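Q: Construct all of the structure, not just a fragment, from the sequences and the given hints.
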Amino acid sequence: AQSVTQLDSHVSVSEGTPVLLRCNYSSSYSPSLFWYVQHPNKGLQLLLKYTSAATLVKGINGFEAEFKKSETSFHLTKPSAHMSDAAEYFCVVSDSPSGNTGKLIFGQGTTLQVKP
Amino acid sequence: DGGITQSPKYLFRKEGQNVTLSCEQNLNHDAMYWYRQDPGQGLRLIYYSQIVNDFQKGDIAEGYSVSREKKESFPLTVTSAQKNPTAFYLCASRPGGSGGKGYTFGSGTRLTVV
Numbered sequence: 001a002q003s004v005t006q007l008d009s010h011v012s013v014s015e016g017t018p019v020l021l022r023c024n025y026s027s028s029y030s031p032s033l034f035w036y037v038q039h040p041n042k043g044l045q046l047l048l049k050y051t052s053a054a055t056l057v058k059g060i061n062g063f064e065a066e067f068k069k070s071e072t073s074f075h076l077t078k079p080s081a082h083m084s085d086a087a088e089y090f091c092v093v094s095d096s097p098s099g100n101t102g103k104l105i106f107g108q109g110t111t112l113q114v115k116p
Numbered sequence: 001d002g003g004i005t006q007s008p009k010y011l012f013r014k015e016g017q018n019v020t021l022s023c024e025q026n027l028n029h030d031a032m033y034w035y036r037q038d039p040g041q042g043l044r045l046i047y048y049s050q051i052v053n054d055f056q057k058g059d060i061a062e063g064y065s066v067s068r069e070k071k072e073s074f075p076l077t078v079t080s081a082q083k084n085p086t087a088f089y090l091c092a093s094r095p096g097g098s099g100g101k102g103y104t105f106g107s108g109t110r111l112t113v114v
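Protein chains in written order, with the numbering used here: chain A, 1 to 116; chain B, 1 to 114.
These are calculated hints, taken from the structure and not from any lab test. Among the hints, a few may not be true.
As the list claims (entries may be wrong) - When the alpha-carbon atoms are kept at most 25 Å apart in a straight line, the in silico DSS-like pairs for lysine-lysine are as follows:
id, chain 1, residue 1, chain 2, residue 2
1, B, K70, A, K103
2, B, K71, A, K103
3, B, K57, A, K103
What the hints assert, rightly or not - Restraint-style ranges between C-beta atoms, simulated for each label pair:
id, chain 1, residue 1, chain 2, residue 2, range
4, B, S80, A, S80, 47 to 57 Å
5, B, T112, A, K68, 34 to 44 Å
6, B, D30, A, A53, 16 to 26 Å
7, B, S80, A, A54, 45 to 55 Å
8, B, T86, A, K58, 34 to 44 Å
9, B, D54, A, G16, 44 to 54 Å
10, A, K68, B, G16, 42 to 52 Å
11, A, N61, B, T112, 30 to 40 Å
12, B, E62, A, T77, 36 to 46 Å
To be verified - Negatives, chain A to chain B, calculated, CB over 12 Å:
id, residue
13, P18
14, I60
15, E66
16, P79
17, S80
Keep in mind that this is a model prediction, so the values were computed, not measured. Beta carbons are placed, not taken as given, at the ideal position from N, Cα and C, and that holds for glycine.
A: Next comes the structure, spelled out in structure tokens:
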């Protein structure tokens, strides 16, 4: 079965400093992996996705993630945090290699706090 | 612009009452999903539908029911059998076919049982 583990429930950074949100996955096949962001009482917005193309994936708002099969990791990074980045972030894996059902399996979420 | 509309944004329900959450999409997506979000638990799948007139239970379907009579609509009913219905509910859709194609999420409905 597929699963994802977000290693930090809460991350706090100062504005202008780098962001690192950690995610490990478990999968018996090459997975489709995503990072979503959610601002308070809002829906989810896709930041980026990995679907077996380039291992370094660039997303919106300056975020990127690197797929490392040997480490089963898909960590999300940003060189310089902005106040507007404060939100909940979810690492997500698709449930099957063919994606026939398209079910998403979510990590528990990481709350990113950005201090002035 | 195409998208998913969830209504209402906030909903209050008395214990013992059924309530229906609306989800409408104009993206011509084949598949639709309902997720429940609780603090610290990420999102959990309630029900999903890959085509009209067909739907499948997700991981936490007990106490919920759905219908898919039209491609655009996938309403979720929270029944009185759901023991802890207070949560944030998110609807999503995507095109049919394989792979991680284009999920779109609605803005959610916050349900509170009073």
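Q: Next, verify each hint and record whether it holds.
A: Outcome of the hint check:
A threshold of 25 Å between alpha carbons decides the hint, and for K70/B with K103/A the separation of about 20 Å falls inside it, so the pair holds. With a C-alpha separation of about 18 Å, the suggested pairing of K71/B with K103/A holds against the 25 Å cut-off. A C-alpha spacing of about 11 Å is found between K57/B and K103/A, which places the hinted pair at or below 25 Å, so the restraint holds. Judged by the Cβ atoms, the range 47 to 57 Å given for S80/B and S80/A holds: they are separated by roughly 50 Å.
As the Cβ distance of T112/B to K68/A is approximately 41 Å, the hint placing it in 34 to 44 Å holds. For D30/B and A53/A, the hinted distance range of 16 to 26 Å is satisfied, since their beta carbons lie about 24 Å from each other. Our hint of 45 to 55 Å for S80/B and A54/A holds, since their Cβ atoms are close to 50 Å apart. One distance hint, 34 to 44 Å for the beta-carbon pair T86/B and K58/A, holds here, with the actual separation near 38 Å.
Evaluation of the 44 to 54 Å hint for D54/B and G16/A yields a pass: the beta carbon distance comes to about 50 Å. Against the hinted window of 42 to 52 Å, the Cβ-Cβ separation of K68/A and G16/B comes to about 50 Å, which satisfies the hint. A beta carbon spacing of about 32 Å between N61/A and T112/B agrees with the range 30 to 40 Å that was offered as a hint. Distance hint for E62/B and T77/A: a CB-CB separation of about 39 Å, consistent with the stated range 36 to 46 Å.
Against the 12 Å criterion, P18/A stays outside the reach of chain B, whose nearest CB is about 24 Å from its own CB. Every Cβ of chain B is farther than 12 Å from the Cβ of I60/A; the closest lies at roughly 15 Å, confirming the non-interface assignment. Distance check on E66/A: its Cβ is at least 17 Å (rounded) from any Cβ of chain B, clearing the 12 Å threshold; non-interface status holds. No Cβ of chain B approaches the Cβ of P79/A within 12 Å, the least distance being about 26 Å, so the stated non-interface status holds.
Every C-beta of chain B lies more than 12 Å from that of S80/A, the closest at about 27 Å, which supports listing it as non-interface.
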